[in-house]
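The residues making up each chain are set out below.
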Amino acid sequence: MAKVVHSRKACSVNPLKMSQPIGAALAFMGLRGAMPLLHGSQGCTSFGLVLFVRHFKEAIPLQTTAMSEVATVLGGYENVEQAVLNIIKRTKPEIIGIASTGVTETKGDDVLGYIELIRQNHPDLRNFPLVYVSTPDFKDAFQDGWEKAVTRLVEELVEPPANPARRDPTCINVLPGSHLTPGDIEELRTIIEDFGLEPTFLPDLGGSLDGHIPDDFTPTTIGGVGVDEVATMGDAGWTIAIGAQMRAAAEALEKKAGVPFRLFERLCGLEANDELIAFMTEISGRPAPAKYRRQRGQLVDAMLDGHFHIGGRKLAIGAEPDLLYDVGSFMHEMGAQIEVAITTTQSPVLEKVPAEEVVIGDLEDLEIQAREKGCDLFVTHSHGRQAAARLKIPFHRLGIPMFDRLGAGHKLSVGYRGGRDLIFQVANLIMADREENHEVTTETWRNPWGPDSAEPAPEEAGAAIATSLAN
Amino acid sequence: MTSLSATIQDVFNEPSCAKNANKSEAEKKKGCTKQLQPGGAAGGCAFDGAKIALQPFTDVAHLVHGPIACEGNSWDNRGAASSGSDLWRTSFTTDMNETDVVFGGEKRLFKSCREIIEKYDPPAIFVYQTCVPAMIGDDINAVCKAASEKFGKPVIPVNAPGFVGPKNLGNKLAGEALLDHVIGTVEPEYTTPYDINIIGEFNLSGELWQVKPLLDELGIRVLSCISGDGRYNEVAASHRAKASMMVCSKAMINVARKMEERYGIPFFEGSFYGIEDSSDSLRELARLLISQGAPEELMARTEKLIAREEARAWAAIAKYKPRFKGKKVLLITGGVKSWSVVAALQEAGLELVGTSVKKSTREDKERIKELMGQDAHLIEDMTPREMYKMLKDAKADIMLSGGRSQFIALKATMPWLDINQERHHAYMGYIGMVKLVKEIDKTLYNPVWEQVRKPAPWAKPGESWQDKALAQIAAEEAELAADPVKAEQVRRAKAVCICKSVSLGAIEDAIRDFGLTSVEGVREKTNASGGCGACALRIEEILEAGVVVGQPTELQNVAAE
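Protein chains in written order, with this note's numbering: chain X, 1 to 471; chain D, 1001 to 1561.
Derived by calculation from the structure, the hints in this document are not laboratory data. Here the structure is a predicted model, which is why all the values come from computation and not from measurement. Virtual Cβ for every residue (Gly too), placed ideally from N, Cα, C. Keep in mind that the hints are not guaranteed to be accurate.
[Unchecked claim] Quick list of simulated restraints, FRET-style, between CB atoms: (1) K1107/D to K57/X: 27 to 37 Å; (2) R294/X to A1069/D: 26 to 36 Å; (3) K1325/D to D168/X: 27 to 37 Å; (4) Q298/X to G1152/D: 27 to 37 Å; (5) D1467/D to N14/X: 27 to 37 Å; (6) D404/X to S1083/D: 43 to 53 Å; (7) F1514/D to F424/X: 29 to 39 Å; (8) P260/X to S1464/D: 56 to 66 Å.
[Unchecked claim] Each computed DSBU-like pair below joins lysine-lysine, with the alpha-carbon atoms no more than 30 Å apart: (9) K392/X to K3/X; (10) K373/X to K1321/D; (11) K373/X to K1525/D.
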């Protein structure tokens, strides 16, 4: 049981955290023909835009209400109205998702009220999907913005089933957390379809940000789940929610349409996927396809091969709560010791992280503690690269943003295959690091016992303490 | 007789080898190695052995004369470490083609030497002969001689084509190449009364450097290490050492003995694996140096250093005691000297449930017999299900063994640690033992085991291969219990001497028919224990147990078929 503590610093240095509105924006990007709109100043949008462009290496649809100083003070109704009208005129979206920002929340703009007014003033927009989510920058973090946006999408778009007694048991809703990549979504889609079920993902980044070349240029998202498809999610037999952050959305769906849900807090690692496969077998009534039996064997084998390298590593990991819990636990199961765990926001899963404590903090905390505790494996998003370089320890990039390597959208952690590939990536980093930085020399064992002659070297003592945590 | 076969005969006639001394003249001729069995051999060839033995010479260009398979398929596969040149890791081969095979590859070999010298300028080139050029009659000795004269650099022929025998023969042939062409060709810049050679140590994972600081502290100079982190000019001048240590394996015993003969350098066989073995080896080095004229005070300094290092190592190991309480280790060692490793593990609080038979006490042997029913090196011939049953019966928490049993141990989801040649960690000397204990701790407490032992979602009880293996074994045992004739057949068919493929039945028959009373007698009649000799203890036990007499003749006949 990890103790959850807040970093006591006034000044956040090298932040790990990103803001809520862009988390909400990314969720909106999982809808087909969507245009996310941040209600705030231009900068709010352009920073998010650049971040996603660098991460996904794709054109990103993201608009702004471009609040000026005067508009901010007087209230942003005109800006929201103009933005909606312009976006519809220029890009013909199927949905506009509006997220507030720090600026407009500080002012206290009543965006829901604005939307009512817009619908009144423009009768042709009466039924146009305009979904608003309140995401002040000064509260919570990226994953919370995603969570709130998805919940709002459910509340606004899902229709109660025409006949609750006649659900379609082959239709499955999937509510993936923000920690899943488009590649993860595709993997889950394959798994679910292999059981003869039809999944609807909300949001579906697998269709929109998987980096495919579209047939046609479109200024909105180039794929994702359609508004019409979301509307029928109420008819599905089950909802699968992935990551604790998706509980609220799953509950909203259950409340609105009566669809029962099963929450998977983890989908990285052997046990988590055993649970998923068992659940799929149960709800589909079909045995697990031979493919997954083989893949499970591959994962077990990868775990055995990988434990020689990952085992005993002292891990410093910085990630949003669900990602931290999922991948951190998997690394723990591979024998790594989580010495430092830094995250961005509160979550019920934090205390389940197999570490002594989880700090809601920044990359400076991660770096300092990693140095203090002699960590030799560093896992966080790309902004950790400088710290890793200073620490001279192997660095595995995890989460958003990952701007200095290609393929961020296709990194896989879910499914038996995802675990297998993750092991290979991390173990290979460790092997490469050993070759590059830790070749033994004639001096390696010159003074092996440490300063106090009868004591083992600090390395030995540290390992003993670290491993005692495992019990 | 060609010069190569003469060399091989000479190598086999090794007077310093205790096992060899026990053999009859005819057996000595057959050689000290297991005869290769078509379809049943997995080890490396003589070329492989020669390359392994010499490749750790770091500043030498190692040129393999042969088609691409010999070098192209095998290069850069050893974890020896270098403190100087990296040239040894650059791969050179003549990559013979069809034309070379038809017209001979000598010209290509000569040109290759020229190119290497022009581009890399090494202090020497070692040229390795392989099967194909040996078959077509390429005379590498002549080419090397010509190249040496032409380029003014030592170009050393290493005549160990793969087909002449197995890996350990190659080790020895490599030693012969050193003796014939290298050792004694250079004079050292200076000598001291503390100069030693270490022979047969390859500095895998840099483990020599776990011990070298201690030698440095004592003022003992490693004049040459053959061949770990070795340099050409050092080995060439190694004939001026005062004493030699022959490390562990008998791989290069011919080098040690012939250096004693030719240059009067006494040697001993020692090991730096384990705390007590390390101390013994240091003592022995000091003793030999003193007998060669080093000051007496060396021994006192050595004892002081030993006392200090032992105290540190035991203290560091003792810290693991609480964590190892009640944990059991299955130790199966092939090559590594096991006894002082055992002592260290026991000191750390681990309970041993099995070890290799050599050097074990009677009590340990009884336990091993209970667990495995046979000599521990049988493990290499075990099927995965038999291995699994053994691990399960032993209730061991971790297995320590050589690399070959790794995959079976891992598939049986058994924590496993490599303590053989291919390992990644260095376990030499005092600090090495502490490292080993630490690695055991790390492996033992890795949560991965709990994970991988979980049944698959589709698993039904009794359907995993583990359950099936146990059920199958139980069924077979039940069947044998019900069928005494078959049981007797199976009992008698059990191999006692793996090397010479001699069954228990054959040995019992020989004992009965000839009234044998000694291992030597059994060896003479059945050839059992004529190979590696590890089964001698087992044969002793068979002799002690007494052969069951008075069985109905038909039954015996049936059983013997």
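For each hint, the structure was consulted:
no., hint, in the structure
1, K1107/D to K57/X: 27 to 37 Å, "55 Å, violated"
2, R294/X to A1069/D: 26 to 36 Å, "33 Å, holds"
3, K1325/D to D168/X: 27 to 37 Å, "58 Å, violated"
4, Q298/X to G1152/D: 27 to 37 Å, "57 Å, violated"
5, D1467/D to N14/X: 27 to 37 Å, "52 Å, violated"
6, D404/X to S1083/D: 43 to 53 Å, "35 Å, violated"
7, F1514/D to F424/X: 29 to 39 Å, "60 Å, violated"
8, P260/X to S1464/D: 56 to 66 Å, "33 Å, violated"
9, K392/X to K3/X, "28 Å, holds"
10, K373/X to K1321/D, "24 Å, holds"
11, K373/X to K1525/D, "66 Å, violated"
The structure is inconsistent with the numbered hints 1, 3, 4, 5, 6, 7, 8 and 11, although it conforms to all the rest.
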